[in-house]
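**Student:** So the protein lines, in turn, are chains S and R.
Residue 10 in the numbering used here is what sits at position 10 of the first sequence, and the numbering runs on without skipping anything.
Residue 274 in the numbering used here is what sits at position 274 of the second sequence, and the numbering runs on without skipping anything.
Don't read these hints as lab results, they were simulated from the structure.
Be aware that a few hints might be false.
To be verified - With a straight-line Cα cutoff of 20 Å, these simulated SDA-like cross-link-like pairs (lysine to any residue) come out:
(1) R/Lys332 to R/Glu343
(2) R/Lys332 to S/Asp190
(3) R/Lys332 to S/Ala264
(4) R/Lys332 to S/Met19
(5) R/Lys401 to S/Phe262
(6) R/Lys401 to R/Leu244
(7) R/Lys116 to R/Ser230
Remember, it's a predicted structure, so these values are computed and weren't measured experimentally.
Here's the letter readout for the chains.
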Amino acid sequence: MNFGFSEEQDTIRETLARMLGDHATLEVAHTRLDSGEGFDTATWSALAEGGWLGLAMSEAHGGSGMGAVELAILAEEVGRCMAAVPCLPVLCMAVPALQSAGTEDQRRSLLPGIAEGRTIIAMALAEGGGLAPDTVSAKVAQGRLSGQKSPVTFGAEATHALVAATDEEDTPRLYLADLTASGVTTSALDPIDRTRPTAEIVFDNAPVELLPGSDPAAIYRLLSGAAVLAAFEQIGLAGRALALTTAYAGERHAFGRPIGGFQAVKHRLADMFAKIELARSNAFFGAWALASGDSRLPEAAAVARLSALDAVQFVTEESIQLHGGIGFTWAADPHLFLRRGWQLKAELGPAVLWRERLIDNLADAPWAAS
Amino acid sequence: MDFSDSPEEATFRAKARDWLNANATLRDGSEKAQDHFMARDADEVARARDWQARKAKAGWAGLTWPRAFGGRDATPIEQVIWNQEEGRYAVPPNVFLIGIGLVGPTVMIHGTQSQKTAVLPRALTGEDIWCQLFSEPAAGSDLAGIRTRARRDGDDWVISGQKVWTSGAHYSSHGILLARTDPQVPKHKGMTMFLVDMSDPAIETRPIRQISGGASFNEVFIDDLRVPDSARLGGESEGWKVALTTLMNERFSISVGRASGGARAEELIALATRVERNGRPAIQDGEVRARIADFVARQRGLEFTSYRVMTSLSRGDAPGEEGSIGKLLLGKLRQEMGAFGLELAGTAAGVSAGADDDAARWRNEYLTAPGNRIAGGSDEIQRTIIGERILGLPPEMRVDKTVPFSEL
Numbered sequence: 001m002n003f004g005f006s007e008e009q010d011t012i013r014e015t016l017a018r019m020l021g022d023h024a025t026l027e028v029a030h031t032r033l034d035s036g037e038g039f040d041t042a043t044w045s046a047l048a049e050g051g052w053l054g055l056a057m058s059e060a061h062g063g064s065g066m067g068a069v070e071l072a073i074l075a076e077e078v079g080r081c082m083a084a085v086p087c088l089p090v091l092c093m094a095v096p097a098l099q100s101a102g103t104e105d106q107r108r109s110l111l112p113g114i115a116e117g118r119t120i121i122a123m124a125l126a127e128g129g130g131l132a133p134d135t136v137s138a139k140v141a142q143g144r145l146s147g148q149k150s151p152v153t154f155g156a157e158a159t160h161a162l163v164a165a166t167d168e169e170d171t172p173r174l175y176l177a178d179l180t181a182s183g184v185t186t187s188a189l190d191p192i193d194r195t196r197p198t199a200e201i202v203f204d205n206a207p208v209e210l211l212p213g214s215d216p217a218a219i220y221r222l223l224s225g226a227a228v229l230a231a232f233e234q235i236g237l238a239g240r241a242l243a244l245t246t247a248y249a250g251e252r253h254a255f256g257r258p259i260g261g262f263q264a265v266k267h268r269l270a271d272m273f274a275k276i277e278l279a280r281s282n283a284f285f286g287a288w289a290l291a292s293g294d295s296r297l298p299e300a301a302a303v304a305r306l307s308a309l310d311a312v313q314f315v316t317e318e319s320i321q322l323h324g325g326i327g328f329t330w331a332a333d334p335h336l337f338l339r340r341g342w343q344l345k346a347e348l349g350p351a352v353l354w355r356e357r358l359i360d361n362l363a364d365a366p367w368a369a370s
Numbered sequence: 001m002d003f004s005d006s007p008e009e010a011t012f013r014a015k016a017r018d019w020l021n022a023n024a025t026l027r028d029g030s031e032k033a034q035d036h037f038m039a040r041d042a043d044e045v046a047r048a049r050d051w052q053a054r055k056a057k058a059g060w061a062g063l064t065w066p067r068a069f070g071g072r073d074a075t076p077i078e079q080v081i082w083n084q085e086e087g088r089y090a091v092p093p094n095v096f097l098i099g100i101g102l103v104g105p106t107v108m109i110h111g112t113q114s115q116k117t118a119v120l121p122r123a124l125t126g127e128d129i130w131c132q133l134f135s136e137p138a139a140g141s142d143l144a145g146i147r148t149r150a151r152r153d154g155d156d157w158v159i160s161g162q163k164v165w166t167s168g169a170h171y172s173s174h175g176i177l178l179a180r181t182d183p184q185v186p187k188h189k190g191m192t193m194f195l196v197d198m199s200d201p202a203i204e205t206r207p208i209r210q211i212s213g214g215a216s217f218n219e220v221f222i223d224d225l226r227v228p229d230s231a232r233l234g235g236e237s238e239g240w241k242v243a244l245t246t247l248m249n250e251r252f253s254i255s256v257g258r259a260s261g262g263a264r265a266e267e268l269i270a271l272a273t274r275v276e277r278n279g280r281p282a283i284q285d286g287e288v289r290a291r292i293a294d295f296v297a298r299q300r301g302l303e304f305t306s307y308r309v310m311t312s313l314s315r316g317d318a319p320g321e322e323g324s325i326g327k328l329l330l331g332k333l334r335q336e337m338g339a340f341g342l343e344l345a346g347t348a349a350g351v352s353a354g355a356d357d358d359a360a361r362w363r364n365e366y367l368t369a370p371g372n373r374i375a376g377g378s379d380e381i382q383r384t385i386i387g388e389r390i391l392g393l394p395p396e397m398r399v400d401k402t403v404p405f406s407e408l
């Protein structure tokens, strides 16, 4: 057993942190929040130039053939620097979907473009407040898709989307849609985190192409993997929010000493830290289960997701409180993390959904019957 | 990142399993609930001694001890593997945790050759059972505030005072005792550590009954206990340094043993499948499912946190403050799970019809957990450790650090 990162993986993290730190600063995040200009194309291009977007693709597809653990490191660093980039939908969902359920032709035509940053594939899994494969009303008949998908993260910026829709036998599947095709209408929504642009996409008899390996089980597997990788992004942002708040508590003086010296503040920061580390431990197990194809992935993903959601909500809320009045202002940093946290929560569904999945999974276990 | 055994670990696990299969019986769920570390009666102590002797003879005792002291030079992860495997069998409680986990390593570092010879082999084989005479009525979280006095008398020391919360003192043969030898210097500087024989008539042990009804810890009264200077462990006035070695090893022992403490959240699923709420199996109730799911997520997180700690220990890092995370979260989780297990019984919550029924089981969990939140450092102490040593926040104000103890 080895429950840590290798030296090579530590080096990847350092390189990424340096590169992202140069591009995606909190000043940049504030500017984007004010302007409502979501997608940070400069950071995405820098990731492409560094070869990071092809991290988990085979070399034949223009990637560097690394695995889920390295992708998790990327997700955590993206979360830490709060970059406004579609790491989760494109790298953690669309790429694995194409790899596991797409055709070789689809992979050959799309993966190199993703690695170069030209192709952005959004995930259109949500509609009506629910998530595929449980909630799907969009339909495909004879290669044409009709339905409405919302919210779709980076939907307006994407070149393509993987859309959950039922086939002619009413089975939920994934379809590849070219968003420039006729019959596709995209309109921007107003998300709680304006640095993570979100859209509604209406398909009216739009031409689509099936990912033949996609069925409800494949969509669940995809969501499990995404939940693990999203947990790393959540841990990254929560860790940054904690670091920021800890630093503030060390600088801000009241009653003649730094407020971080008072137990009421110190102990709350300790609780924030403990929640993040608990989430990190679950995310580690999830990353291993994902990388090794272990059968416990659905359970690992659910616990990683649940503890990450809990950590992010507690840490980002308390970060505002511990900053006092300044923490409640638009110009201060804490609300950036709160907003991103909610967006990441919404995209893969709230805790209630994952609790159900976890108990369904465990209640099937043989010991539960006894 | 690899959760599975390395080839060496798999070999170790197979060997452990072979030996356990030949020497113990697998649990089948019919066993009476028992504490992992505390014996309830003389019979359990005797069975524990016998089991320890057999383990020692076969080379499965004191796994992480160096070979020179009779150990196996095992890695922390191998210790975890052993704990996992042994945990599958119906074996008596490990009443030797303090002797092997805390006292042994402290003696290896601070003891004289004759202390090593006298203490280590007998601790390993289970002939001696050790207790930790640290806490006092006026010194718990603030351990350096102890008042038990040891005075020089010729070549001997004479010790008087009172210890409290001493787990297993009533069946221990020996104790590691922290005493004040110089009250004229600040509190951390005037202490000395001793190894004492619990059968001496100058030591009186009185069990304390806990809220769970059990009596696993004690008050220990020491009235003019005379020990030779050879009973001193480490230098005179160097007791705090020696105590820190013991406490560091306590953290380590807790880290490797931690994941196995208390009920599993899955047991609540099994319970919720058996009982009803609103006229249907409780496991179909949304609130019940949500609560149990959160328990599972927290318990898995604690288990994997202990594996992260193991990994860093195996890479040669000293047992650090990360152990405080598990310590902080475990007791509260166990308490909430115990409460929920009781709640599932509805109006019959807390009412037991027999010693081994669900109510008795969850009542015991609920009434044991508060102790987990205090023993080995309270929740508040753990938060302060995390805040100061991990997050680097300013330390607590201390008015007593430089003042002679006698003037406090």
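**Student:** Provide an ascending list of the numbers of those earlier hints which the structure does not satisfy.
**Tutor:** 2 and 4
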